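Please work from the sequences and hints to get the whole structure.
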Amino acid sequence: MTGVSRQELLIFAIARLLDGCRSVAVGASSPIPGAGALLARHWAASATPSRRLFLTILGSRHLNAMTSGGVELFDMAAQGRIDAFFLGGGEIDGEANINLVGIGPYPLTTVRWPGSFGSAYLYYLVPRVILFREEHSRRVMVPRVDFISAPGPRPDGVYRPGGPIGLLTNLCWFAFDRQRRRFRLETIHPGHTLEEVRDNTGFDFDAAPSIATTTGPDSATRSVIRGPIAAEIAKAYPRFVSQVFPAAA
Amino acid sequence: MSQDWRLGSADALAAMVPDGAKLAVGTDMVGVAMELTRGLIRQGVRNLHLVCVPMSGLQAELLIGAGCVGTLETSAVSFGELGTPHRFQAALKAGAIRIMDATCPAIHAALEAGRKNIPFIPLRGLIGSDLLRHRPDWKVIDNPFAANDPIVLLPAIRPDFALIHAPYADRDGNIFIGRRRELAEMAQASIGGALVTVETVRDVDLLATEETAAGTLPAIYVAAAAVAERGAWPLGLADDYAPDEEHFRRYGELARTPEGFARYLDEFVHRRRQAAE
Numbered sequence: 205m206t207g208v209s210r211q212e213l214l215i216f217a218i219a220r221l222l223d224g225c226r227s228v229a230v231g232a233s234s235p236i237p238g239a240g241a242l243l244a245r246h247w248a249a250s251a252t253p254s255r256r257l258f259l260t261i262l263g264s265r266h267l268n269a270m271t272s273g274g275v276e277l278f279d280m281a282a283q284g285r286i287d288a289f290f291l292g293g294g295e296i297d298g299e300a301n302i303n304l305v306g307i308g309p310y311p312l313t314t315v316r317w318p319g320s321f322g323s324a325y326l327y328y329l330v331p332r333v334i335l336f337r338e339e340h341s342r343r344v345m346v347p348r349v350d351f352i353s354a355p356g357p358r359p360d361g362v363y364r365p366g367g368p369i370g371l372l373t374n375l376c377w378f379a380f381d382r383q384r385r386r387f388r389l390e391t392i393h394p395g396h397t398l399e400e401v402r403d404n405t406g407f408d409f410d411a412a413p414s415i416a417t418t419t420g421p422d423s424a425t426r427s428v429i430r431g432p433i434a435a436e437i438a439k440a441y442p443r444f445v446s447q448v449f450p451a452a453a
Numbered sequence: 538m539s540q541d542w543r544l545g546s547a548d549a550l551a552a553m554v555p556d557g558a559k560l561a562v563g564t565d566m567v568g569v570a571m572e573l574t575r576g577l578i579r580q581g582v583r584n585l586h587l588v589c590v591p592m593s594g595l596q597a598e599l600l601i602g603a604g605c606v607g608t609l610e611t612s613a614v615s616f617g618e619l620g621t622p623h624r625f626q627a628a629l630k631a632g633a634i635r636i637m638d639a640t641c642p643a644i645h646a647a648l649e650a651g652r653k654n655i656p657f658i659p660l661r662g663l664i665g666s667d668l669l670r671h672r673p674d675w676k677v678i679d680n681p682f683a684a685n686d687p688i689v690l691l692p693a694i695r696p697d698f699a700l701i702h703a704p705y706a707d708r709d710g711n712i713f714i715g716r717r718r719e720l721a722e723m724a725q726a727s728i729g730g731a732l733v734t735v736e737t738v739r740d741v742d743l744l745a746t747e748e749t750a751a752g753t754l755p756a757i758y759v760a761a762a763a764v765a766e767r768g769a770w771p772l773g774l775a776d777d778y779a780p781d782e783e784h785f786r787r788y789g790e791l792a793r794t795p796e797g798f799a800r801y802l803d804e805f806v807h808r809r810r811q812a813a814e
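As given, the protein sequences belong to chains A and B, one line each in that order. Residue numbers for the first sequence follow this note's numbering, beginning at 205 and rising by one. Residue numbers for the second sequence follow this note's numbering, beginning at 538 and rising by one.
The set of hints was computed from the structure by calculation and includes no laboratory data. It cannot be assumed that every hint is accurate.
[To be verified] Beta-carbon label-pair distances, calculated as ranges:
| no. | chain 1 | residue 1 | chain 2 | residue 2 | range |
| --- | --- | --- | --- | --- | --- |
| 1 | B | 630 | A | 220 | 33 to 43 Å |
| 2 | A | 270 | B | 747 | 15 to 25 Å |
| 3 | B | 630 | A | 398 | 48 to 58 Å |
[Claimed, not checked] Derived lysine to any residue pairs resembling SDA-like cross-links, with alpha carbons at most 20 Å apart:
| no. | chain 1 | residue 1 | chain 2 | residue 2 |
| --- | --- | --- | --- | --- |
| 4 | A | 439 | B | 674 |
| 5 | B | 559 | B | 761 |
| 6 | B | 630 | A | 310 |
| 7 | B | 653 | A | 276 |
| 8 | B | 676 | A | 362 |
| 9 | B | 630 | A | 362 |
| 10 | A | 439 | B | 775 |
| 11 | B | 559 | B | 637 |
| 12 | B | 676 | B | 655 |
| 13 | B | 653 | B | 791 |
| 14 | B | 630 | B | 791 |
| 15 | A | 439 | B | 633 |
| 16 | B | 653 | A | 310 |
| 17 | A | 439 | A | 267 |
| 18 | B | 630 | A | 426 |
| 19 | B | 559 | B | 674 |
| 20 | B | 630 | B | 620 |
| 21 | A | 439 | B | 676 |
| 22 | A | 439 | A | 279 |
| 23 | B | 559 | B | 633 |
| 24 | B | 559 | B | 760 |
| 25 | B | 676 | A | 360 |
| 26 | B | 676 | A | 363 |
| 27 | B | 653 | A | 362 |
| 28 | B | 559 | B | 604 |
| 29 | A | 439 | A | 264 |
| 30 | B | 630 | A | 314 |
| 31 | A | 439 | A | 450 |
| 32 | A | 439 | A | 266 |
| 33 | A | 439 | B | 782 |
| 34 | B | 630 | A | 266 |
| 35 | B | 630 | B | 607 |
| 36 | B | 630 | B | 674 |
| 37 | B | 653 | B | 718 |
| 38 | A | 439 | B | 618 |
| 39 | B | 630 | A | 315 |
| 40 | A | 439 | B | 776 |
Everything numeric in this text was worked out from a predicted model, so none of it was measured. For each residue, glycine too, the CB sits at the ideal point set by N, CA and C.
Here it is, written out as C-alpha cells:
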C-alpha cells in the first residue's frame, strides 16, 4: 500500500477541517471522522507549543471522557464546549437539510434508516458541523429530502449558534454558505471531475471559478494514519480497521 | 438486612411487567437486560410502550419482532457495525407499531422532567424539523423571559419501569452502574423504579466508600433484582464481556424473514440456547 487510499484522503481532509478545534465529538458508526479527529489531535499534540484536543467518540469507552451519562454530550454542546461534530444522512439536499429517518409516506416508510439520533439538536448548536457521506449519488444528494431530521440554517429566528460548514463526500468538498443557503464546490478529489460531480448531484450548487484538487496526505502523514491512528481507531471500530488497515488490526 | 428486593430469576422480574407498560431501556452499550427481555417475550407481554434512552438496538428489535411493542419512542434503532435491524424496518413498513421519532437530547430532557415530576421541559433545536411536525405532543412557545425566542416544550416522560443489567448488586440491593448515569436517570424517572438483573451479588456495601458510591444506583430506586449471568448477552457489558459478533451474524441471516425470525425466537428465546461455547 503506497498510494493514497480513498479513506486516507478523507481522513486527512477531515483533520484539516478540524484545524484550531479544542473539542471534537464524533457520533456512532463514524470510523473515518473518528480517524480524522484522531489525526487532528495528533497534530495538536505535536504542535509547538503542544495543544490538547478533547476528543469524544460516542460508542467508545476508551475515547470518551464523559461521566454524566448520555446527556452530557448534548449539555456540553449547549454550553459551547463542542467545537465540531459530524452528521450524515440517507438524503442531503441543497439547503443542507438532512434525512436520517427514511423514504416514503412517513411513518409508513418504505426505506427506513435508524433515526435522527442527536441531529435535531446538535445541528443548531455546534459551530462547525461537518456533513460527511461517502456515497455521492443522486439517491443521496437530492433536490429535496423526504423527511427533515434536522433543517439546514434558515432565517427563522430560531436560536442557532451552530450549523454546517460543508459537505465532504467520496468525490469532493462543498463549502456551505449559510447566508445564501447553498453549497459551493471547493475541491474535487484526485481522479474525479466536475462533470462527474454534476452527474451525481441532484441539487444545484455554486462552483468556485477555479476548482482545486483536494490535497492528500504526504508520505509521513500516511505513515501516521496507517500506524498510530489506525491502531487507536481500531479500539472503537475494529471491523473498519480490519478491512481498511489490515496491518494495524 | 432483608433481601426482599431479590427475586429468583429474570423471568420472575418479567412477570412484574403488565401488558401496556411503559418501559425505559438503554442503548446497546450501557448494560442492557437481554435475559429479562427474553423473559418478556416468553411471557408474551403485549402493547409495550418502549422509551429508548435515547436509542436502542437488539433489545427493541427482538421485542418488536416478537409482537410485544405497541409504541416505540426512540431517536434511533441501530446495531452499529453489527448489522441491520430487519424486524424494526419491517414493522414500520407494515405500520405494525406506532413510532414516536425523537432526538437523543429530547428523550434525556423529558426523562429529566419525569425525574423532577414537573409537567414539561424546554429544549433547544427541533424547530423546522419534521420530527416536530409529527409530534403533536411537542409544542413551540415564545420564551417568556426574552423577546423573539421560540423554543420547544416537551412533556415529561414517566415510564412504569426501567430495565437495567449491571455488573453486580451489593448485599443491600444497591446496584453498581459505573459511569452510565443515564441508567440512574431512567430508574429515578420511572414510577416503579428499575427492574435489574446483575451478573452477581457481592457481600459488600457499595455506599461505604466514595470510590463506589459515585457509580451506584441506590436500592430505593430498585423495584426488584435477580441474578442473570451473562444477562446482557449477546450484547456486551462494560469491563466484563464483549458483544457476541458471531451471534449477531447468525441473527442477521435469520431475521431477514418472519419465518427465520420465528426460528431464532424458538431456538434462542423459548429454548434458551446461549452462545455455542
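Here's how the hints hold up against the structure:
1. 630/B x 220/A: 33 to 43 Å: Holds, at about 41 Å.
2. 270/A x 747/B: 15 to 25 Å: This hint holds: roughly 19 Å between Cβ atoms.
3. 630/B x 398/A: 48 to 58 Å: violated (38 Å)
4. 439/A x 674/B: With a Cα-Cα distance of about 40 Å, the restraint between residue 439/A and residue 674/B is violated, given a limit of 20 Å.
5. 559/B x 761/B: holds (17 Å)
6. 630/B x 310/A: Between residue 630/B and residue 310/A the Cα gap is close to 9 Å, so the pair holds against 20 Å.
7. 653/B x 276/A: It holds: about 18 Å lies between the C-alpha atoms, which stays within 20 Å.
8. 676/B x 362/A: The given pair, whose Cα atoms are some 14 Å apart, holds under the 20 Å limit.
9. 630/B x 362/A: violated (33 Å)
10. 439/A x 775/B: holds (14 Å)
11. 559/B x 637/B: holds (13 Å)
12. 676/B x 655/B: holds (16 Å)
13. 653/B x 791/B: violated (43 Å)
14. 630/B x 791/B: Within the cut-off at roughly 19 Å; holds.
15. 439/A x 633/B: Outside the cut-off at roughly 38 Å; violated.
16. 653/B x 310/A: violated (33 Å)
17. 439/A x 267/A: Since the Cα atoms of residue 439/A and residue 267/A sit roughly 8 Å apart, the hinted pair holds (cutoff 20 Å).
18. 630/B x 426/A: Judged against 20 Å, a Cα distance of about 44 Å means the pair is violated.
19. 559/B x 674/B: Distance ~16 Å between residue 559/B and residue 674/B Cα, so the pair holds.
20. 630/B x 620/B: holds (19 Å)
21. 439/A x 676/B: violated (41 Å)
22. 439/A x 279/A: Roughly 26 Å between the alpha carbons, so the hint for residue 439/A and residue 279/A is violated.
23. 559/B x 633/B: Distance of about 18 Å is within 20 Å: holds.
24. 559/B x 760/B: OK: residue 559/B and residue 760/B at ~15 Å, within 20 Å.
25. 676/B x 360/A: Holds - the C-alpha atoms of residue 360/A and residue 676/B are around 17 Å apart, at most 20 Å.
26. 676/B x 363/A: Holds: residue 676/B and residue 363/A sit about 16 Å apart, inside 20 Å.
27. 653/B x 362/A: The given pair, whose Cα atoms are some 27 Å apart, is violated under the 20 Å limit.
28. 559/B x 604/B: Distance ~15 Å between residue 559/B and residue 604/B Cα, so the pair holds.
29. 439/A x 264/A: The hint holds at about 8 Å.
30. 630/B x 314/A: Holds, because 5 Å separates the two Cα atoms, which is no more than 20 Å.
31. 439/A x 450/A: holds (14 Å)
32. 439/A x 266/A: Cα-Cα ~7 Å, so holds.
33. 439/A x 782/B: holds (15 Å)
34. 630/B x 266/A: Measuring from Cα to Cα gives roughly 37 Å; hence the hint is violated.
35. 630/B x 607/B: holds (15 Å)
36. 630/B x 674/B: violated (23 Å)
37. 653/B x 718/B: holds (16 Å)
38. 439/A x 618/B: Holds: residue 439/A and residue 618/B sit about 13 Å apart, inside 20 Å.
39. 630/B x 315/A: At roughly 8 Å apart (the allowed maximum being 20 Å), residue 315/A and residue 630/B satisfy the hint.
40. 439/A x 776/B: holds (14 Å)
Consistency with the previously given hints fails for numbers 3, 4, 9, 13, 15, 16, 18, 21, 22, 27, 34 and 36, ordered from lowest to highest.
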